Every structure is written in C-alpha cells, then in structure tokens.
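A.B. asks: First to last, the protein sequences are chains U and W.
Sequential numbering of the first sequence, starting at 1, is according to my numbering.
Sequential numbering of the second sequence, starting at 1001, is according to my numbering.
Among these hints, one or two may not hold up.
Unchecked claim - The calculated DSSO-like cross-link candidates involving lysine-lysine, where the alpha carbons are at most 30 Å apart (straight line), are: (1) K1012(W) to K392(U); (2) K367(U) to K1012(W); (3) K512(U) to K392(U); (4) K1127(W) to K46(U); (5) K14(U) to K1123(W); (6) K1012(W) to K388(U); (7) K14(U) to K1012(W); (8) K1201(W) to K49(U); (9) K1127(W) to K295(U).
To be verified - Far from chain W by the CB rule (all over 10 Å, computed), these chain U residues: (10) M249; (11) D292; (12) R472.
Derived by calculation from the structure, the hints in this document are not laboratory data.
Note that the structure is predicted; figures quoted are calculated from it, not measured.
All C-beta atoms in this analysis are idealised placements derived from N, C-alpha and C, irrespective of residue type, glycine included.
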Amino acid sequence: MPDSLSLSKITAQKGMSIGEAARRVADLGWTPSYVQEAMTFPTDYKITKTARDPMKQVLRSYFPMQEEKDNRVYGALDAALRGDMFRDVEPRWVEWMKLFLAIIPFPEISASRSMAMVGRLAPGEELRTGFTMQMVDEFRHSTIQMNLKKWYMENYVDPAGFDITEAAFGKCYATTIGRQFAEGFVTGDAITAANVYLTVVAETAFTNTLFVAMPSEAARNGDYALPTVFLSVQSDESRHIGNGHSMLMSIINDPDNHQLLERDLRYAFWQNHAIVDAAVGTIVEYGTTNRDKNKESYAELWHRWIYEDYYRTYMLPLEKYGIKIHHDDVNAAWDRMVKKNYVHKTAQFFSVGWPVAFWRQEAQTDKDFEWFEHKYPGWYAEFGDYWKWYEKLSTPGETNILFNQDVGYVYPHRCWSCMVPALIREDFCVDTVDGKLYTYCSEVCRWTHKVAFSAEYEGRATPAMGRFSGRREWEDCYAGWDVADAIQDLGFVRSDGKTLVPQPHLHFDDSKMWKLDDVRGHKLGSPLQAIRAMSDVEREKHIADYRAGFKINPFN
Amino acid sequence: MSVTQEPIAPRKSAAAGSATFAGSNSRKYNYFTPKGRKASHYEDMTVDVQPDPKRHLLQDWIISFADGTPTYSESWTAAKCSDWHVFRAVDQEWERTHYQRQSTIVGMIANVVDNGRRSGAVKRFDKAWVKVLQDHLGAYKHAEFGLGMATMQAQRYGYTQMINNAVLTNSSYKLRFAQDLTLYLGEIGMDLEGFDQDAGKAHWMEDPIWQGVRRAVETIGGSTDYLEQYFAVNVVFEPMVAELFRSGFIMQVAASQNDFMTPSVVAAAEGDYERNLANAVELFRMLVLDETHGTANRELFNGWLMKHGGEAKNAANQLQPIWSQPRVKITQFPDVLEQSHNRLRAIGSEIGLDVRPLIEA
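In isolation and in its complexed conformation, chain U is listed as follows (with noise of 0.2 Å):
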C-alpha cells in the first residue's frame, strides 16, 4: 500500500501538544477573591514554592489508559478461571491473602482521601491535576483489591476468612498494624502524613516490595490473579511517586521546614520499615512453598529496593538540600533485617497467635529450613525447635502453641509506635508519657511517640501534629477473656459455629480442624496492663529478663 494512504494520513489533524494541553488544565485554578477556600487539614510547614507536576497527563488519557488496563486485568482473571488456576494454587500462600487483602483496600482508600489534604495545600494547580488523578487511582486500587479477594473466595477451597474479610480487618491482632499503616496516610499534620509518609517514604520505597515482590513470589505459589491486578496497581505508583518528590520539592528549599522534614522522614522511614517489612516478609518468605535457592529472599530484595534504589538514590540527595538523613536508622534496619531475624520473629508470632486468627498458617518444613538456613546462617538453631513444636502441637487435642508451657516461647509486648510487638527482645524499651508507661520495640518508636506525635518538637510547637490514641495494645481488649469466648467475639467461627475460621494445618477436614472446645481454658493477658502493675523493682527485673530474650525448649 502506497504511504499516501494510511489511515493516520488520511485521519492527521493538527491537535494540541501534551504540554499546551497539561498547561491549559492546570489553567482552570484561581485564586479565590470573595470566600477562601477552607483550610481544614492543618500543616505546620510552610508551602510557598509552587509545585510543578512532572507527569503533565489529562484526564481524557488517562482514563482510556487505565481502562485498557481494567481490561487487561479483569481478561487475567476471565483466563486464570479457565485455566483453572486454583487446582494447582498452593494454599499455604493462598491463606496469607486472607490476611493481606483484608488489610490493604484501607491504606489504599485512605491514599485517596489525603489527596484532599494535599490538594488544598499544593500552591498553584499544576499538581493538583496530578493529585486528582491519584485521588482515582486508589479509590481504583481499593475496589479492584476487593474485587480479587471476593475471586478468591468464590473460587478458592477454603473462603472461610475471605467471607468475613473487612469485619476481620478492624478486630484482628495482626491487621492493627495495617491499620496504623492506613491511619498515618491520613491523619494528623496534612503534610506529615499525606506527603511524608504516603507518598515519599511508603509508595516510593515501600510498594516496591509491596506491590512487586509479593506478585513475584505469588507466581512461584501457582497464583496468577495477584501479580495481574497488583503489577496493574503498581504502575499506577509511578504517577504517585512524582507528585510526592514535586510536593517534597515544594517545601525542602525553606530552612524553616528542615527540622520537621527530618522528624518525618525519620519517623517515616522507620514505620514503614516496622509495618510493612513485618507483614511483606512474614508473607513472603513463609507464605511460599518455593524454596528456589537461586531467587532473592525478602532480605536481598529489601537491599536492592530499600538500601540501593531508595536511600542511595532518593534519600541521599535530599542532604543537598541540607537535609539531615539518619543514615544509622537504614543501618539498623537493615540490621534488623539481617542480624536481628525481624521477618522470622514476626513469623513466629503470627503463627503463635494463630487462634486469634482468621487464616491458615501451617508449619514450616524440612524443605523450608534448608532453604531458611541457606539463606539466613543460623536460622535453624533459632527457630529450627520453634516450627517442629507448632507442627507437632498442630493436631486439636494439644494445648494449642499459645498457651503451650512446653515450648518456651515468651508472649512479646506491643510497640505502642509501630505496633508490631517488640519481637527483638534486646531493643525492648519503655517510657512515660503523660504520666503513664507505654512499650516500644526500639529507640526510634518510643522516640516517635514521646518526641515526634507531640505538640512541641525540639522547642518547636508542632500544633498540627498528630498523637496516638485509641486501645492501640490489642491484647487489652481480652485481657482475662477465655480464649474461645475472645474467639467467638471476634466472629473468628465458621458457620457451624464452632470450627474455627484458622487452623494451624492446610487440612480440608472437619476431622482434622480445630473447634471452640479444642482452645477452651486458656485466659488471654494484656503485657501492658502486667507491666504497668508492677513495682518498679519488678519491672526493672522484668524489663531485663525480656531484653535476654527467651530459649525455645529442645524439640525431642
């Protein structure tokens, strides 16, 4: 066919450039003369630079764009079905979603609204565009989340857990810190929480292994539906980080915000670490039934993503700005990933607490703790005894591992920060605020909640700021409950109203489940309130005795 009569030369018409046209959208704003706009979020930095939006994408794109990729993913999950995806899923990885997609639809809705709070505060509006667009893409994100965890549970062996999902979300013991997660997106000083936190620290660094190692490690386990519609979220992420860094630029050339840019990025970066690397990594790398040893464990994956692509390149920078970055803060999180076993405790306590859970965990193997011990030296003598005892105490008719005085495990306090308990017994602190002791599992959370959530930093009044609130210790909410009363209470039984919703095994046999009477007798305690009640004698001594840390006893 002759080039003079292709369609587009046929079809050509002059039409306006992506930059004329980004230029004339963000030309809609103006700045009020009769009524200000109400400030309702409040901030304590000052935002006088404008922001430039470096995606420059409109609406009519945008929105085809990201139909086409509905599409894409919605003709995934059509082609999985048929594929008949689910007789050869592995369910020790699908029972984790259970737990993973009750928790992420809030943070991801919540993303939404705080768009609300940086978009009153964006001088000029080129990057309020950029910050509609994202307002759509999480509420985008949120729904389609539920989408694939209702496809789980239609099509899935076990729904139980799925069916009672968002119900779950708010009662758990694990999705509190989801929870904290979703709350800090939102609440509090609007640029702390909607910029800082969201955007430069969480979708930048943090989805990475969020929203790219999980679908990795889903595909390893036979599940194709998460890597589709979680590699779909995630190119979203792209438009999200660019509107944090131009929000961020927005603000670091005023020396009056440093000393605030530094709490936030520290506090940030170290509850983004807390939350997100205790839940990922926990699903990760126990979660999977790939014991591959040539592909990356959630600890060289965090460096590549985390250390080398996050701080190296886009905290490390920011110090030209004269921002002062804690490099020891990376340091000891990378420690505490490496040195310190933080995954493999938070493992260990979520499988602990798998009563008062509403998903299955099963024991590790032999298989896994090659694989464990090839990729972390000294795994097996730590926690090698730990998984033989849940495996043997995973039959009903044991006393169930929470309460089990044979195996030697010390139930840990909550960090009133992060609230993952404080599972690296040595970095275990306390301190008083407002006359009352509290728990952290380290410097940087209990210097986070007396220092940082406060209405004074450094000298400084800090009025927007945040505080924590609420009954942030879970196990307070059933202290002196019976477990199964606490059980039943938190809608944790399946519909014959007494199998529970989670068993410590992957058996799809009523013969084999654990029911209400199997976990009777046990009274559950809240740490807080024990330590709280102590003298200060007893406390000192207790505080040194967690700080030692606890022996699993000998597996015979």
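Since chain U is already given, all that's left is putting chain W on it; use the hints.
C.D. replies: Chain W only, in chain U's frame:
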C-alpha cells in the same frame, strides 16, 4: 538391583468444591446487610472498607488530630444520622464501572471533536456564537473545576466508604468535564482565527456577568462542612446555575448557530449530573427521613438551601445578558429560569424540602 519409582500421590486441587468441610460453602461477604435481597457487586467492593468503631473496629481509631478528633468523625458535618452505613450510591460505581463510563465519554467527545473539525464544522459556527463560546463557555469551565475541587476536598470527610466514594466519583466527573471544556475550546480554537484561549478565564475573574457564579462557587469551596459542600453542589448550584447554563442555554441554542459539536460535549455533563444528583438525593432523603434526626436535618438543609440558594439565585440572574448574545435567539432567560426553578422544586420534593421560600424570596 531393580529400581522402583515411588508412586507420587496426586496433588489435591485447591479449587472451590474440591473438599467439603465446615465453612467450605461460605462464598459471600457476610459482614453487612445488603440493601436488596442479595449484595450487589458495588456493595461487595465498597461496604465497610472504611471501618467504624461502631462496626467492627475493636480498638477504635488509633491516631487522632491534635485536638483529639479521630481519623474519621461524625462531627465533620452538622447533619446527624442514626446509621450512616445505610446509604448506598444509586449509581453503584466502583472502579471498573467508573473507568468504563469515563472512558466511553472521553471517546465519544474525541469522536465528535475530531470528526467535526475534520469536516470543517467549526469554521461554519456563527461568528457571534464563537465569541460566546470563547468568553462564556470559557468562563464556565472554571465553575466546573471549582465544584470538582470542592468535592475532592469533601471526599475526605464522610463517615462511610459509600458516602466518600460517591463524593469522589462526583469530583472525578466534574474535573473531567472541566478538562473536556478546556481541551475542546483549545482544539476548536485552532480552527478559528483570532480565538482567544485566555478570554474565558479573564471573564471568569473580571466580567460582572460571571462574578455571581464565581462567588457562589467560592462560597462552596469555603464551606468547612463536607455535606454542605455536597448539598450545595448537587441540590443547589447544579439545578440553579449549572443546568441553567448547560441545558437552558448551550444545549438549546447551539444548533441554531450551526454548532452541533458543543452540545455533544456538554451533554456528557448532563448525564454525569443525573447520576450525581441521584446519589445526592438518596443521601439527603435518608437524612431527612431519619427517625431521630430528620427534623433537625431538614432545618439544617433549609439553612444550606437559603445560604447557597441565595448565592445561586444571584449568580443565575447575573448570567441573563448571555441569552441576548447569540445572533439566533432560541430561548428566553425567564423561561429557562422557570425551568430551573421547576427542577429545584422536583429535587426538593424528592428529598423532602420546601424550596418555595428560596424561589419566592
């Protein structure tokens, strides 16, 4: 020595129905009461994603603002409700339906504009009409943007996911339409010699005809009560000003000025509003019918009606000269104003509000 291969046990399927045990048939979200006999897909995607200490949230909100206000608070609107969770958006939108609809609109507008321009339609627009589009449609796009930003702000505050998502999609529609108009005017301007792309904003900022509208929009943006914003946008401003201009002027007048393109672009916003209005009416009707708080809510809404209605009425009246500007006159301002009052009466009647004091004032 013989080698025997150990038989490999067939791996058990993890598909639904491959085993039967307690809970193996529990394949529906079971933590909320559907509005109808069965939960809609929208409900499954939406209900309870934003938790509430009164529903499921065991530990209460765990971060607060400095004054102790929690992450979400019922105090963020003066309206009161016995159970905010009852509300369901009438348009049932979740992400997939939202993108499908928005994308369809974008495609429809692109076809109209591309084909219209290609056929030389823009050059055949009546000259006086081109100036109307340049100055007044150009000014009006800013009003749509203002409503989009107000609803973007409002979607942070609602007490349930259903309310916030309805407000969010409202914002998304308004912002798309503001951009539709901007880009439409930019593109037809390429075919029209001397078309001033900056005239619209200048009229928006300075032309006395538009100052009432700008003031009404800024009043909405300056409100601190998110439901007041949502009410003012959909119950007051849209019928009294936005529809008046879109339906009562552009949609009726354009064809007689040789312009078939502009009504197609603006028609999308008319469709958007029908959906946004349905959601808003459902919510405000629920609040007016609330057994405990209905009377107080009605009184509150009457206050909002008079406050924003006064601004909107003034804005509408100031727009009157525009009806005289097209060369071919099709409609009379008093007639379309009366139509907009009828629309307001119908909306008031559906919600349960008496709008006569506003219209007759």
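A.B. asks: Against this structure, judge whether each hint is valid.
C.D. replies: So, going through the hints one by one against the coordinates:
| no. | hint | verdict |
| --- | --- | --- |
| 1 | K1012(W) to K392(U) | holds (23 Å) |
| 2 | K367(U) to K1012(W) | holds (19 Å) |
| 3 | K512(U) to K392(U) | holds (13 Å) |
| 4 | K1127(W) to K46(U) | violated (48 Å) |
| 5 | K14(U) to K1123(W) | holds (15 Å) |
| 6 | K1012(W) to K388(U) | holds (24 Å) |
| 7 | K14(U) to K1012(W) | violated (61 Å) |
| 8 | K1201(W) to K49(U) | holds (23 Å) |
| 9 | K1127(W) to K295(U) | violated (69 Å) |
| 10 | M249 | holds (22 Å) |
| 11 | D292 | holds (18 Å) |
| 12 | R472 | violated (5 Å) |
Checked against the numbered hints above, the structure breaks hints 4, 7, 9, 12 and satisfies the rest.
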